[in-house]
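> Single-letter residue listing:
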Amino acid sequence: MSTRATFLAGTTALVVVVAAGGGVHSFAWAADAPPPAKMTTLGDWLRMLPDGTVEMYTDKVEVGMGVPTGFAQFVADELDVPFEHVRPMLGDTSDTVSAGGVGGSFSTYQGNFAIRNAAAEMRSILLAAAAQQLGVPVAQLSVNAGVIHVAGDATKTLRYTDVLSALAPDPVFPQTGEGFNVDLTVPAKPKDWIDYRIAGASLPRKDAAGKAFGRYPYVVNVKPAGMLHGRFVYPPSIGATLVDVDASSVHGIGDARVVHVAGFAGVVATREWDAVRAARALKTTWTPPAVTLPAQAQLADFMWAQPAIKQNVVKDGDVDANIGGTPIEATYFWPFQSHANMGPGCSVADVRADGVTVWSGTQKTHALRQGMAKLLQLPPEQVRVVWTSDAGSYGRAGLEESAAAAALLSRAVGHPVRVQSMRADNTQWGTKAPAMAGRLRGNVQDGGIVAFDAVIRQFNGNEVFSQPSVAGSFLAGQMAGFPNDAVVYEFGQYGSASAKYEIPNMRASAELVAPFTPGNSPLRTAHMRDPEGPGTTFIIESFIDELASHAGMDAIAFRIKHLKAPRHIEALHYVAQASGWESRPSGSKKRVGTDGELIGRGVAFATRVVTTVATVAEVGVNPKTGVVRVRRLICAHDCGFIVNPKSLQGTIEANLIQSMSRAIYEQTTFDNHNVTSTDWVTYPIAHMHDIPDEVKVVMIKRPTIAPGGAGEPSSRPTAAAIANAIFDATGVRVRTAPMTPKNVLAALHAQGNIT
Amino acid sequence: MDKTIRLRVDGHAHEVHADPETPLLYALRDNLALENPRFGCGLAQCGACTVHVDGKATRSCVTPVSFAEGRAVTTLAGLGTPQHPHPLQTAFAEEQAMQCGYCLNGWIMTAAELLAREKKPSRARIKEALGSLVCRCGSHVAILRAVERAAKEMTA
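First to last, the sequence lines map onto chains A and B. In terms of the working numbering, the first sequence opens at residue 1 and continues consecutively. In terms of the working numbering, the second sequence opens at residue 1001 and continues consecutively.
Heads up, a few of these hints could be off.
[Unchecked claim] Between beta-carbon pairs, the in silico distance windows are:
| no. | chain 1 | residue 1 | chain 2 | residue 2 | range |
| --- | --- | --- | --- | --- | --- |
| 1 | B | R1006 | A | Q298 | 31 to 41 Å |
| 2 | B | K1003 | A | D354 | 57 to 67 Å |
| 3 | A | P379 | B | Q1083 | 21 to 31 Å |
| 4 | A | A746 | B | K1003 | 36 to 46 Å |
| 5 | A | K38 | B | E1118 | 22 to 32 Å |
| 6 | A | H251 | B | T1004 | 21 to 31 Å |
[Claimed, not checked] Using 20 Å as the maximum straight-line C-alpha spacing, the simulated DMTMM-like pairs for lysine to aspartate or glutamate come out as follows:
| no. | chain 1 | residue 1 | chain 2 | residue 2 |
| --- | --- | --- | --- | --- |
| 7 | B | K1120 | A | D693 |
| 8 | A | K223 | B | D1002 |
| 9 | B | K1127 | A | D92 |
[Claimed, not checked] Short derived list, chain A residues pointing at chain B, Cβ under 10 Å:
| no. | residue |
| --- | --- |
| 10 | G210 |
| 11 | R411 |
| 12 | A412 |
| 13 | V413 |
| 14 | G414 |
| 15 | H550 |
| 16 | G552 |
| 17 | M660 |
| 18 | M688 |
| 19 | I691 |
No lab work stands behind these hints, which were simulated from the structure alone. Quick reminder that beta carbons are idealized off the backbone N, C-alpha and C, glycines included.
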């Protein structure tokens, strides 16, 4: 970063920025506020090239939802340059500002401010220079497609590129905030939301055509000179540690050789197929499993029997005094689920004496830089992480596992090494969304919830830090002997707070259960598309629906009765309208499809930070087989200002399908010693034949309200909407996810009011 | 034991030195530096590695390279170019029928085989033909739109 800033001590804090033609931008902040700890240059965010191209530097990488395209729309709009001229430069730690990377649906919600400020400031500087050159006040200037015009004088025009010298030296500004909140403070003010024209339009995602033509760069294709292919060996059971490696077992497989670092063993070879075969052939000896896992069918009982740390997430009024003598009670269960990324994760690491380069599809390159530095015991300044797209990643998916292994292997053999995980490495040994068990009680009087008491137990997630910045959070790091010293409780703080209902006596508690083992666990838990929201919302919103039934009320009317915020209520109105919702108590109308399916509709509602989602599902349930077919999904989605409607629609549709998959198919299976979900057969997900006949997205327009996040919120209500629709169809509550034929039949038989 | 295997990929003739049992995927990627077919599962369960072999969508992760000898192999990049696009590529780009796009080989190459054989397939037929492909992101709704759009384009 540039250091052309002068701090003046005393009562007036000031940064002096040298700008166009010796002109000076001064920026002052309040004397009683602490001076900013960090400075940033405009060029850290945006650079305009002599041909008019605007390079946009951000660590908000493209995970497939179009965030960088949206940012480019803001930049084009602020500068009034063609959208096509803005080129995203994504996630390289050597030239992007660390702003938390991608996560938590925060990229647009929090990240828009810095990039809009940078663009507004670039425009302001260039216009000031143009005004000087043209001899007119700035107020008389306007810009159209990068050409600066003077009001009332068509003979006078300039291009931005004629005044580029105004951007040298690179202006410096205070950088505020940490992580997702990083912003830069500039004198210029971005446009009002209502005035955006390029932002707000359905412009093409900048990655779409490249992907369709097979030309988009993926990390699997990175190939530095001298690169070898590597694989590493996973434990045969939970908590097992490496005892011995028989290096002779790979002899004769191409030029494969073995790398052995403490409890970490891997192979490298010139040809990838040789590395794959050598990893399979490598004979290793391991200690017995560290623990015996509970039988999968008893996981909920096991979780309730464990010691737990209790956190009250929400507490209002006096639940104990108002729960009544015979509260409505229910227990729920949500299983472990696998990230099961489309590609199992790939990274290339080049560890050299003069520096380290890692190519990875991680969501958080700057955090991975820290993690790689710790793993290699080097200062972070010696590590560069270059983001290159991998398969889709929805949280702490563990794509970084390959980066840790590649770094260890590259250091050992003195070559760049590419490690691509195999299917089982990712599905079986990758990170998991936590299993959850819920106990809920409620008291309903006169159609209103008097008291609501929810306890949700889940694994605490402390063995995988949300940031890939801790060497011992990587499986390869654990095996190489690094302590897992992050120890942050990742769960019990997000989803439980999702119920926004006005309930006088309310208690929502998270109870956190320790992991099975601190290391080498195939059931280590981590954020998975909305850290824990789909599971928590399944539990809470299913139970809210039960309370509506006990009140004898329509499920949407009951929810609206307990909501105050207009945007919450409007989302429910929109979804009712778009789905053709028939207002009546659920379970009160028998509908039978042509093939004997029982048909029902259900609703669920969720918020995530400022975003509000209401989803209606229509299902058909085969009462003989227990098969649930989702016939329709209708989602009303309010995330404030919509940066790109087409991108948003694609993101919401994909959210709905992925969360439907989690609701009706997905559970990580395990035996006493290991996960047994290893591939797409043993970890089934939704396929084309499962896609509903109708998927409808209602994007509620809020052109004057700052954008919220959209990457995760619409994954929240789907499972509960489906479960509530099953109740409407059958009169039976399925309280165990996923809603597989087995779980549905079990509920039908246990509750048995099928006629 | 390595052998010399002659391949014709995307219209170009190549000689590959590899064990005949090597999966075609690795021969294409490693020996020919063709970047498009991608490893997804190695088990023929997902389709990320799909190429055409003599016009038939084939999972290259379980197909020995020797099988492709003397046959025409086509990858997504060889199906069409921005200058001469296959209608499916245009439709997938226009519909933004992908999130991460890692799986896209499977969908476009399998749909290309379908549309080469059948004009105006019904939605049910498209779902059936694409039934064994995996998209973890859940882009299926947009993919259906894209395939139907291309089918319409190809019969217009």
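> For every hint, state whether the structure bears it out.
Here is how each hint holds up against the structure:
In this structure the hint that R1006/B and Q298/A lie 31 to 41 Å apart at CB is violated, the actual value being about 58 Å. Taking 57 to 67 Å as the suggested C-beta distance range, the pair K1003/B and D354/A does not conform, at roughly 41 Å. Checked against the given bound of 21 to 31 Å, the beta carbons of P379/A and Q1083/B, roughly 48 Å apart, lie outside it. Our hint of 36 to 46 Å for A746/A and K1003/B is violated, since their Cβ atoms are close to 55 Å apart.
At about 60 Å, the CB distance of K38/A to E1118/B disagrees with the hint of 22 to 32 Å. Evaluation of the 21 to 31 Å hint for H251/A and T1004/B yields a pass: the beta carbon distance comes to about 25 Å. Pair hint K1120/B plus D693/A holds up; C-alpha atoms about 18 Å apart against a cutoff of 20 Å. Restraint check for K223/A and D1002/B: not satisfied, since their Cα atoms lie roughly 23 Å apart, outside the 20 Å limit.
With a C-alpha separation of about 39 Å, the suggested pair K1127/B and D92/A falls outside the 20 Å cut-off, and the hint is violated. With a least beta-carbon distance of about 8 Å to chain B, the hint placing G210/A at the interface is held under the 10 Å criterion. For R411/A, the shortest C-beta to C-beta distance to chain B is roughly 23 Å, which exceeds 10 Å, and the interface hint is violated. At its closest, the beta carbon of A412/A sits 22 Å from a beta carbon of chain B; the interface hint therefore is violated under the 10 Å criterion.
For V413/A, the suggested interface contact is broken, since its CB lies about 18 Å from the closest CB of chain B, more than 10 Å. At a threshold of 10 Å, the smallest CB-CB gap from G414/A to chain B is about 21 Å, leaving the interface hint violated. Contact between H550/A and chain B, as hinted, is not supported at the beta carbon level, the nearest pair being about 34 Å apart and thus beyond 10 Å. With a least beta-carbon distance of about 36 Å to chain B, the hint placing G552/A at the interface is violated under the 10 Å criterion.
Because the smallest distance between the Cβ of M660/A and any Cβ of chain B comes to about 8 Å, under 10 Å, the interface hint for this residue holds. A least Cβ separation of about 5 Å between M688/A and chain B falls short of the 10 Å threshold, and the interface hint therefore holds. Among the interface hints, the one on I691/A holds; its C-beta lies about 5 Å from the nearest C-beta in chain B, closer than the 10 Å criterion.
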